[in-house]
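Chains as they are written, first to last, in my numbering: chain A, 2 to 355; chain B, 2 to 355; chain C, 2 to 355; chain D, 2 to 355.
It should be emphasised that the hints constitute simulated quantities derived from the structure, not laboratory data. Any given hint could turn out to be false.
Identical chains share a label here; the pair holds if one copy fits it or two copies do between them.
Claimed, not checked - Restricting the straight-line Cα-Cα distance to at most 30 angstroms, the calculated cross-link-like pairs of lysine-lysine (DSS-like) are:
{"#": "1", "residue 1": "K310", "residue 2": "K36"}
{"#": "2", "residue 1": "K354", "residue 2": "K165"}
{"#": "3", "residue 1": "K36", "residue 2": "K354"}
{"#": "4", "residue 1": "K200", "residue 2": "K36"}
{"#": "5", "residue 1": "K36", "residue 2": "K55"}
{"#": "6", "residue 1": "K36", "residue 2": "K351"}
{"#": "7", "residue 1": "K310", "residue 2": "K351"}
Chain residues, written in single-letter form:
There are 4 protein chains.
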Amino acid sequence: MAGNTFGQAFKLTTFGESHGIAIGGIIDGCPAGIKIDFAAVQRDLDRRKPGQSKIVTQRKESDTVEFLSGIFEGVTTGTPIGFQIVNENQKSKDYSHIADSYRPSHADKTYTDKYGTRDYRGGGRSSARETACRVVAGAVAKQMLSSIQFHAYTSSVGDLKMDKPYQELDFAEIENNAVRCADSAFAKACEEKILQVRKAGDTIGGVVSCVIQNVPPSLGEPVFDKLHADLGKAMLSINAVKGFEYGSGFAGSAMLGSEHNDLYNADGSTKTNYSGGIQGGISNGMDIYFSVAFKPVATIMQSQSTIDKDGNATEMQGKGRHDPCVVPRAVPIVEAMAALVLADHFLRNKTSKV
Amino acid sequence: MAGNTFGQAFKLTTFGESHGIAIGGIIDGCPAGIKIDFAAVQRDLDRRKPGQSKIVTQRKESDTVEFLSGIFEGVTTGTPIGFQIVNENQKSKDYSHIADSYRPSHADKTYTDKYGTRDYRGGGRSSARETACRVVAGAVAKQMLSSIQFHAYTSSVGDLKMDKPYQELDFAEIENNAVRCADSAFAKACEEKILQVRKAGDTIGGVVSCVIQNVPPSLGEPVFDKLHADLGKAMLSINAVKGFEYGSGFAGSAMLGSEHNDLYNADGSTKTNYSGGIQGGISNGMDIYFSVAFKPVATIMQSQSTIDKDGNATEMQGKGRHDPCVVPRAVPIVEAMAALVLADHFLRNKTSKV
Amino acid sequence: MAGNTFGQAFKLTTFGESHGIAIGGIIDGCPAGIKIDFAAVQRDLDRRKPGQSKIVTQRKESDTVEFLSGIFEGVTTGTPIGFQIVNENQKSKDYSHIADSYRPSHADKTYTDKYGTRDYRGGGRSSARETACRVVAGAVAKQMLSSIQFHAYTSSVGDLKMDKPYQELDFAEIENNAVRCADSAFAKACEEKILQVRKAGDTIGGVVSCVIQNVPPSLGEPVFDKLHADLGKAMLSINAVKGFEYGSGFAGSAMLGSEHNDLYNADGSTKTNYSGGIQGGISNGMDIYFSVAFKPVATIMQSQSTIDKDGNATEMQGKGRHDPCVVPRAVPIVEAMAALVLADHFLRNKTSKV
Amino acid sequence: MAGNTFGQAFKLTTFGESHGIAIGGIIDGCPAGIKIDFAAVQRDLDRRKPGQSKIVTQRKESDTVEFLSGIFEGVTTGTPIGFQIVNENQKSKDYSHIADSYRPSHADKTYTDKYGTRDYRGGGRSSARETACRVVAGAVAKQMLSSIQFHAYTSSVGDLKMDKPYQELDFAEIENNAVRCADSAFAKACEEKILQVRKAGDTIGGVVSCVIQNVPPSLGEPVFDKLHADLGKAMLSINAVKGFEYGSGFAGSAMLGSEHNDLYNADGSTKTNYSGGIQGGISNGMDIYFSVAFKPVATIMQSQSTIDKDGNATEMQGKGRHDPCVVPRAVPIVEAMAALVLADHFLRNKTSKV
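My request is simple: use the sequences and hints to build the entire structure.
In structure tokens:
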């Protein structure tokens, strides 16, 4: 039982390898009657694509999405939305250096062990290229949830951490810098850090945070499909993610109940929001906020020792153009996955009362 | 579309409110041929039950599980395993103080908003009492996965944090202290901290860590149902959880790729294990380890201001016997959910090759 | 991956063997706010239970349902509804004659081959006793769909076939006779037939038809989960069913398009209803009607040759009290499964438009 | 919650409208290691395509499938298999006659009522063109199940019914005649009947039967996902199907238990096979056989009265090239759906024992 579908009511199934003919997906369950802004979908894709700034991989891919069904005269019809992104340059590269050897901290060996085979070209199915499909579907989900705002941004790069509470940030700043920080001074520091790491042929990790505003109450399905549990799964399913926390997060585990409890205002809002907009797994109308930890990219421009499929020691060095830090391009992916989770729970909640 | 089922191949569906007639569940998909050690199941339940030590709630509940089907002559038959735990003392208490008011940082208000009603007795469905059912199912899952070892333990209470790497811990120590630490000195410090917090009528958060050993390779289903994504969802679905990290976790986001990459030994094992036993969402045979952050229990023995269902301000104080810190009793729950995830992926993996 | 759950939005999972401690189930997804008429649920169960007339099995079982959760002060809360029916007389019978031998046209051998074991007492999980749980859940579904009428009735017993179109039947007659025909003269003929067959120690098949009135339009989800496809699956999942047809059915395959097409009235209703109330898999507001073929009960009171688990020839004769014809007791089961399908699609349809 | 996915372990999700850019699908869960015979896939598609003989629609569509992912160097990799069939001639036709009016016994009105809109070009999503995707996936499923034989064939056209038991048929004959009968004399009669009906501008229904040989025992998951219940749902989800029966079917309901019971041979096979190869929902290794009733095609070349979207009476006449009888082209679709069901249950059964 494979796992290429996300969601139950707003369902995304993706297919495709990084160097196959195309990647794509099917969105099933998108309600009828949504006017699609195709340019907005492509805009989100462009935020994820390679080559957009000097701190990301310099590969050139246009990543143009084609919708194949489910939209008629610009409006969704309630039928499945098929889409694809044709892979350019998908052939003739030399992958012999990874065909028989396993790149450290990549999925080469686990795929081979699990399936007995793998498409070794550029990571195949395990490549983060697959996330482009998530961005497409997330963009559609956002259009369904047009009254909700999703703001993801880089909140740390390596040991540089932004300390400000999100309320003091300027989300309008996010797209003004290559790192996608909501603070221009911090962005500058991060950018320098990334360039320095790249120069050393190395890579570095980081954290993406996300704030979701104007969330309607009542989204989330206890007991297993709590809203934050599905957000956590969504984020952890993104390549290179090592951790997720929401609301008070890990820091909340060091607090006292008397500090941590969110007392009510008369209108039902809360004075503090350590709960992160979710209580008992159900949204309460306050801002949802969470953070996602990304490890450093595994492909480095330094020689590393590894083994081949027969267990023989060998040396390997990253080739091609890779990201020195994944977080700037991960920002739209985090946003997309958050939108998919909320879209799914928005639809699921429609059945909670008669 | 409600969310009371966990898993796809090894599926647990639970029912029950804290003060209804019974709680229980159905395990569907447990393979035939597993000899059930009923005493071991009850032992895990007893580790979760109230009243077992002076640092947990002093409520007395025997929490005896009855299996109703799916096991014949002590062996699973491949048919659904129904079970229940009858609620003792389920009647006649006075819940008038929470019938119309919303306890801060509880699910009272979100349930009422979502469903238009709620069973207000003791938290009803949102009570952590539901997790007893998870412990039952997890105990069955462990028996299916008899060669795998699950070791959960308390790794922090409030700002007390255990710094040792797990390799230096003695898992045999876990059940020797009330806090369920794998280190007796640290356990003592935690116990004192919890008693001190309780004396103040307050509560405190903490962290449970878990190490899973002897995991077979190839568990996990890319791209959405990565093994760690399902572990994360499982943990985040436990009451009071605010964060999850595995392998290098949030700390890994501050590392360089050249530090973080796990280089291979000739036998396919890795020299380091920042990956936490999972690469590309698939287990690689190394130890899986992760941590789960719990917030402080919301019910405190201090007066708090809150609102009633009409938005009028009111005062409220916790009644009854509640846990000052949830982590000692959460340890078997974390273990149970980990076992459910691995059982599910163990079965799912059976279909990955012809 | 076992198959003990029916439905996606209104989900029933059942457990239990005929001679285990109890049978029962969990309804997950029933919306909050439905006032439950417990007597009506029990009434449907009583229509299914053994011993209610001289043409069904004379076993005495009270089949009393207990609800364990999900209903508070008589109203559904949106949380899972757990229920059970305790098995009376579940012990001490002599099943040695079927422990090691396979009853012809029963599931004894296929269960043993599939699972390597089976609970042989009275058929275990393969017993039609499991359908009592379906009747409970169906009764709850009917209460959610209170404006829809479900009328199932016996339309043939052996070669006795009722030729009248359903519009000429008196549904009020169904519960006035033991056969559950909607026509008293035909009922009398069927009853005589069944008594005659029983006297010969034999059994006989029959057909149950069902008419559903006042169905709202728009239920059904193309392309795979067409309303009639899910009705068909529901009916075929009932023990002993060999066929399903709806609307014009098999007879429709002999018609011309010019005869078969249902022309529209100005109000959108159709002049004829060969479509059976469903077009393109979606209800159109006209009556839904279908028929379900049941084979003769496999347990006969005659000696039959069979084999034991080692392939040795042996003789076997039905013991105990069994139904000579399944259809009178199948009528409420057909109704229940129809209600489950419509409840599920009623909820699923809530997400088809924004 | 839409319904465009079939199967749980071997899952097909389809997309596409008859006159959109493309139709296609994703097969998720196909195990790794299957060598794909692309020509065999295309061969099955060619059996379904229009224009292949004088008794089917004369539209010309090449229906060429392109595989986009999941197959590397001709072998499945365990990752999702994306595929598409580009629609030729998808533009510029005149559909004004159906844009605002509802064709009788089509899905025009139910789609419009359900979704508030529809792609009216050629039936859009409700067109049987979608079944081409099922044929592609079914062909892949057959290659996974290479030891099983699927033989579907036309067994009736209108009131012409083939009376021979399937054991007397020559399956090799099926592809030798345009009707796809397994008997040349009967094929000839059917062909004449269809031509005569077409000449009258009318259409006619028919029945497709299917025999599956060499089925391994133990496929099927009680109690809801019985093998025949899933076969029934699969068949009923095909456009124009009105009924399904397996084994003794509706005729079995007129039999006595003493006639109908399938007695065992010493090797565990049965002397008769009224059970149709399935007992208790689980395959027993005997031949599976079933029949599927198709209504006459709704589009006829005669003028019919109907209504427009405002309820005004109007006249409508079929345009273009349509099938006078659907069964010859339905044969490969029935086979494909049967293969999908068996593939799904083949994988699901892998988890029934430890």
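Now the hints, each set against the structure:
1. K310 to K36: For K310 and K36, only the inter-copy Cα distance (22 angstroms) is at most 30 angstroms; the intra-copy one is 50 angstroms.
2. K354 to K165: Classified as neither; 40 angstroms inside a copy, 41 angstroms across copies.
3. K36 to K354: both (28 angstroms within a copy, 12 angstroms between copies)
4. K200 to K36: neither (45 angstroms within a copy, 45 angstroms between copies)
5. K36 to K55: Cα proximity of K36 and K55: none, with 35 angstroms in one copy and 43 angstroms across.
6. K36 to K351: Both: 21 angstroms inside a copy, 19 angstroms across copies.
7. K310 to K351: The answer is between: 23 angstroms across copies meets 30 angstroms, while 51 angstroms in one copy does not.
Comparing the model with each numbered hint stated earlier shows that hints 2, 4 and 5 do not hold.
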